[in-house]
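Undergrad: Going line by line, the protein sequences match chains H and B. 1 is the number of the first residue of the first sequence in this note's numbering; add one for each residue after it. 1001 is the number of the first residue of the second sequence in this note's numbering; add one for each residue after it.
Calculated from the structure, these hints are not laboratory results. A couple of the hints might just be wrong.
[Unchecked claim] Computed footprint of chain B on chain H, listed as stretches where at least three residues anywhere in the stretch have a Cβ under 8 Å from a Cβ of chain B: (1) 72-83; (2) 236-247; (3) 252-266.
[Said to hold, decoys possible] Ranges between beta-carbon positions, derived for each pair: (4) B:Pro1116 with H:Glu74: 33 to 41 Å; (5) H:Lys339 with B:Ile1258: 33 to 41 Å; (6) B:Arg1273 with H:Gln19: 36 to 44 Å.
All C-beta atoms, glycine included, are put in the ideal place defined by N, C-alpha and C.
Here is how the chains run, residue by residue.
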Amino acid sequence: MSGHSTYEPKPGFSRWLDQRLPITRLVWDSFVDYPTPRNLNYWYTFGGILSLCLGIQIVSGIVLSMHYTASAGEAFASVEHIMRDVNYGWLLRYTHANGASMFFIAVYLHMFRGLYYGSYKPPREVLWILGCVIYLLMMATAFMGYVLPWGQMSFHGAVVITNIIGAIPVVGGPILTWLQGGFAVDNATLNRFFSLHYLLPFMIAGVVVLHVWALHVVGQNNPTGIDPKSKADTLPFTPYATVKDGFAMSVFLILFAVFVFYMPNALGHADNYIEANPLVTPAHIVPEWYFLPFYAILRAVPDKVMGVVAMFGAIGVLFALPWLDTSKVRSMRYRPMAKLYFVILVVACIILGFCGAKLPDDQVIPGLETFKILESDLNSFVWLSRLATLYYFAYFLVVMPLLGLLETPLETPETIASPALSHPAAMPAGAMAAPEKKG
Amino acid sequence: MLRKLTLIAAALTLVAGPALAAGTAKHPYDIAFSFEGPFGKFDQGQLQRGYKVYREVCAACHSMKLLSFRNLGDKGGPFYDAKYKNPNDNPYVKALAAELEVPDIDTETGDAVTRPALPADRFPSPYKNDYAARAGNGGALPPDLSVIAKGREGGPEYLASYLLGYEAPPKGLTVPTGQYYNTYFPGDVSAGWAGDKHTPPPGGFVAMGPQLEDDKVTFDDGTKSTARQQAEDVAAFMMWAAEPKMEERKEAGFAVIIYLVLFAGLLYASYRRVWRNESH
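Starting from the given sequences, assemble the full structure and let the hints guide the process.
TA: Put into structure tokens, the structure is as follows:
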């Protein structure tokens, strides 16, 4: 919270600098003295983890680009050159490739955390929207990065996704040509994707600064969703939050390392180790796992243009979320009904991801044939994804606005400190409190 | 609540894993490769035998453009010798390279010539270009084998299964001219299948016929040269070729994870200590 600064520069250089560029004061106020609610749980550590992910991706990416050749004829071999002949090139590339997946794991948990605890509600609307912008930039960056190795899935994924733009009436065709740098995905496309893949992470870093700025103006939300009222409700960021974030980061890095060192290709697709060949289409084009839910939404709609609208709408609706939720209570901890619908939303998103990896006409229950609606059997993944898509939009457009008006929330505590202080750790020795859920 | 969700999500993710596998081909048979698991290493003898199978059988049609002879003498490679840190000095690698001719340009005259390969040279390709490769194989292009073990679902187990997967077509299945029926190949046989449309036989049609047979390759270490042995050895060699730094990776990973676990433990202890007097 931007309040009175407690930074006291030492006489000499610190004071001299503080009067000219108060950068040490900024860091002190933002990352040392900054008051954080004392009840933040581990779901609140993903912000720090995400900055770590961005740092890892930028550093490993810059070194990779020193060895990579952005040319349709040489890209595939240059990636293999990194894997074989560059010192620790395999480590750089596997870190970068799996780092993208880790980034998305963390961002999805971060977003669901925000949804659950109502972190998008006033006064945090701008903070939430900046987060959505970061997410969009991340998707663009990840998509273009996946094209760079110029494998079969890179190439045909790029063809499918860029052609989505071509579905836009009237202007779609020219935009598609402009985007691809020609009439097909080729060398020009690869070169511009490489350039943008290098640019966008720095734009992400810029929006992250705004995101953190907005966070520090309005203050962090917390699992109770109520604002800190006194000093008793908060603790200084350092050492309390830094040590907790640091622990969470190191655990996250263990998961990261397991993927990089022991299953580096588990999240990838075998077809991407075949060099791109425009004349051979893979039997089954699938995007990376983090795009699968959106891919399922795209294919769920029978009309191509409407499918594209639905896919972008699925992200667009997030921007409107602060005004779609009518509830006065922030945290779903005190909203039993909302909690239930939230769980169904998470399940629906996972189902969508599952459907995105399947062929639309494959049967959900093997061997059962029912009847056809809209040219597809009801027992098919396309119908499962239609149901999940319907729920996804209904959650944001119907459930969220109505629930705030209809539900009766539980009573929220007076202050953050009051439930926190009933925690066993705060009780005098011998007194047993009810086993509260931690955090 | 969120904790329960995490469990549900984790469970569903596990179910979703095999969802990416497609096709009706037979599942590759299980091979206990020495390089499996977090501490697995390549079996050098197996890699040497595998190289011989590649050189004497596969290399007649398949290129391995990404490999150089020097790679054979790299640490963890088939002909690595601790005496020669620089694989270009390894006499065995030199001898293997010199067995083959590679194209070059005579710098005196500018004429195209061939000369015996050096360790620094790439594996020569059997055909001048893809057109020549197609012309020599009934229109089908033999894929480059450099990263084939990573470029096929099922990896080296699939490769070995595939090489041994040629069977006489079942009754009612017509194999197109110039093609072969392979039960492990993820293809589509419905065009040649006269039986029940819902239960086509497993596998697909491929342009390559069966290549391995007992005693086709003589192993220098005295290993009995069965077709199965050849298939598994060449599959192991392909895995090494696709992932030559695997041993280095797993060794580094072990150290990194031990470090991270200790680091996390230290941070957890610090966390407990910092927060010991604060409720949360």
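Undergrad: Does each hint hold? Answer for all of them.
TA: Structure-based check of all given hints:
1. 72-83: holds (count 3)
2. 236-247: With 6 residues closer than 8 Å to chain B, the region 236-247 of chain H meets the three-residue bar; holds.
3. 252-266: n = 9 at 8 Å, threshold three: holds.
4. B:Pro1116 with H:Glu74: 33 to 41 Å: Check failed, 28 Å falls outside 33 to 41 Å.
5. H:Lys339 with B:Ile1258: 33 to 41 Å: Taking Cβ atoms as reference, Lys339 (chain H) and Ile1258 (chain B) lie about 40 Å apart, which means the hint holds.
6. B:Arg1273 with H:Gln19: 36 to 44 Å: Check passed, 37 Å falls within 36 to 44 Å.
The structure fails to meet hint 4 from the earlier list, while all remaining hints are met.
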